[in-house]
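Novice: Got chain A; can you put chain B with the ligands on it based on the hints?
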Amino acid sequence: MVSSLQVKRIGGLMLYCIIVAGILIVPFLIQSPYILHILILAGIYLILAQSLNLMLGYVGFLSLAQTAFFGIGAYTSAILAVTYRQPFWIGLILAIILPSLIAAVVGIPFLRLSRHSFVISTLGFLLICWLVARNWVEVTRGPLGIPGIPSPTLNLFDLVEVSFSSRASYYILMMTSVLIITLFLIKLVNSRIGRAFIAIREDEALAQSVGINTLKYKLIAFSISAGIAGVAGSLFAHYITFLDPTIFEFYNLEHVLVITLVGGSGTIGGPILGSVIFTILPEVLRVAKEYRLIVYGIILLSTVLLMPEGVGGRFKTYMHKRRLKGVYAK
Amino acid sequence: MSLLRTEGVVKKFYGLTAVDRVNLEINEGEIVGLIGPNGSGKTTLFDCITGFLKVDAGRVLFRDKDITNKMPYLIALLGISRTFQNARLFLKLTVEQNMMIAIQQHQRLSSLTALTERRKVKELEKEALERSDTLLKLVGLDRLSQEYAGNLSYGQRKLLSFAMALIPYPKLVLLDEPAAAVNPTMIEKTKDLIKQLNSKGLTFFIIEHNMEVIMNICDRVIVLNHGVKIAEGSPNKVRSDPKVIEAYLGE
Ligand SMILES: Nc1ncnc2c1ncn2[C@@H]1O[C@H](COP(=O)(O)OP(=O)(O)O)[C@@H](O)[C@H]1O
Ligand SMILES: [Mg+2]
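So the sequences go chain by chain: A and B.
Residues 0 to 329 (numbering that gives the first Met the number 0) are what the first sequence spells out, left to right.
Residues 0 to 250 (numbering that gives the first Met the number 0) are what the second sequence spells out, left to right.
Take the hints with a grain of salt, since some may be wrong.
Straight-line Cα separation of at most 30 Å, DSBU-like style, residue types lysine-lysine; simulated pairs [to be verified]:
1. B:Lys170 x B:Lys53
2. A:Lys186 x B:Lys228
3. B:Lys228 x B:Lys11
4. B:Lys136 x B:Lys121
5. B:Lys11 x A:Lys186
6. B:Lys236 x A:Lys215
7. A:Lys215 x B:Lys121
8. A:Lys215 x B:Lys190
9. A:Lys215 x A:Lys315
10. B:Lys125 x A:Lys7
11. B:Lys190 x B:Lys228
12. A:Lys7 x B:Lys91
13. B:Lys199 x B:Lys242
14. B:Lys119 x B:Lys136
15. B:Lys125 x B:Lys64
16. A:Lys215 x B:Lys228
17. B:Lys170 x A:Lys215
18. A:Lys215 x B:Lys119
19. B:Lys121 x A:Lys315
20. B:Lys91 x B:Lys125
21. B:Lys69 x B:Lys236
22. A:Lys215 x B:Lys194
23. A:Lys7 x B:Lys53
24. B:Lys91 x A:Lys315
25. A:Lys186 x B:Lys121
26. B:Lys69 x A:Lys7
27. A:Lys215 x B:Lys91
28. B:Lys228 x B:Lys194
29. B:Lys121 x B:Lys69
30. B:Lys11 x B:Lys199
31. A:Lys186 x B:Lys190
32. B:Lys64 x B:Lys136
33. B:Lys188 x B:Lys91
34. A:Lys215 x B:Lys53
35. B:Lys119 x B:Lys91
36. B:Lys53 x B:Lys69
37. A:Lys315 x B:Lys236
38. B:Lys119 x A:Lys315
Read the hints as simulated data drawn from the structure, not as lab findings.
None of the values given here were measured: they were computed from a predicted structure.
Next up, chain A with everything else stripped away, as it sits in the complex (with noise of 0.2 Å):
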């Protein structure tokens, strides 16, 4: 026999193989170059949009390092691949841990501060490292940039090279790590550490008083938001292939920002709303590109007036107060 429970878990299940077959499958039905580019362009920024939701939307800290975080795994990986021809795996894995370590460093002052002088000092780290990236010449080459930032190759076991120089192959790397880096998000918000990072959210003070050891947790999550950030900037600097200090300008941070409180933070899904929102939107207004800007800045305006809590949260809101009822209907 099969229980329910069982048709819902299979259910979910082939729901969730379509959904990735389908993102999968993207390149092979479309095939033009532009639609591939502004997929891939939305993909980055969506990792770099989730590493915020971590920190902002679950944690509770608004972090404007993330930026930074990303420009630094950009670097790290551009360097690893054009200074000293490492493979981009070396560069990915070093994307990762670089930003990870660097934030369980700064994060250690950072996270002791208020909510709100925590805002301003990951401002001034960004800001940091975007004259770093620019003074720093020996190793970043200044503002005069990296340029022929390698294709990524995957070497298997000597047998195959699977290069990904083509915009399709690209996207489905690039999709690759959206998803491994979802469901890892998924899996970490829902488990016990993502209890406790909702326990800061909610009441910091609370969540000591119960035997919380809130720094610690503070600090796992700015790592790995940071790493993911890495990620997000491992893969912008291979696809572009090119990278000067401009990574570092707040045009990245400000995109990122609206992306995710529009789609909405404390939720995993808010984001990918966003995405998908600020993936379309600019398409659909480059016939009227003059008031591009304004529509921007009404649809920005008034979620924060209106749906503080995002697109994303205003749904689970929702979701929510349905299932209750229900609950109470019985």
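Specialist: Frame of chain A, contents of chain B with the ligands only:
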């Protein structure tokens, strides 16, 4: 045996000395009251004991171990639990989630296992749910387990924070005004609960303005005024102490 001892604890806020050289001792198995006019430093003293505020001078000892200025979570794990005067809760979560968040932090489970071993996680989750249910039954909130904490009445909030304070298996519980703004039936419930837990060996240190509660359950009462300990003794003795009467009249 002395469970908790403070030696000359001082806490200053800028110019104001909120707690002024306080020495006190709580013995195992006692219920001790802490009274004093508003602003006399009672909550501040609790904050100093539980590590939420750093003391400016003096020491806090728990079972003869120096715990002065330790991190609040460590003090909680060592066995001193507290509630907050305004009954802090995770308001956006359900009653059960409030309990679960705290309970699961005390289960032995490495972070790695938590991410990989599904069966172990399920087992522990079941254990945690059982513990949550037991504690909620104890304070009489089990039927509201799926309600949002933010929808509870003030008295129910205080009971939930009481239940949450019991989660880290404390030896000593500090309650900050458990009966304030709570209806009479709920006050009776709280009193019974304290007595019941005390008979099982739990020690209490309770800030309370309701003199009926103090007279009824406390073995001993400590009185603060302007941060200074001005009297100590049995509830009856303290109530007739001229210094105490003067402190309250001066309010
Ligand atoms: N964080 C703080 N900063 C400045 N002053 C404070 C702070 N907390 C308490 N106080 C002051 O310390 C004194 C004692 O406060 P409190 O311990 O809350 O008194 P009680 O709990 O006995 O009513 C009061 O005068 C109060 O205004
Ligand atoms: Mg008080």
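Novice: Starting from the hint list further up, note which numbers the structure goes against and sort them upward.
Specialist: Of the numbered hints given earlier, those the structure breaks are 2, 5, 6, 8, 13, 15, 16, 21, 22, 23, 26, 29, 30, 31, 32, 37, listed in rising order.
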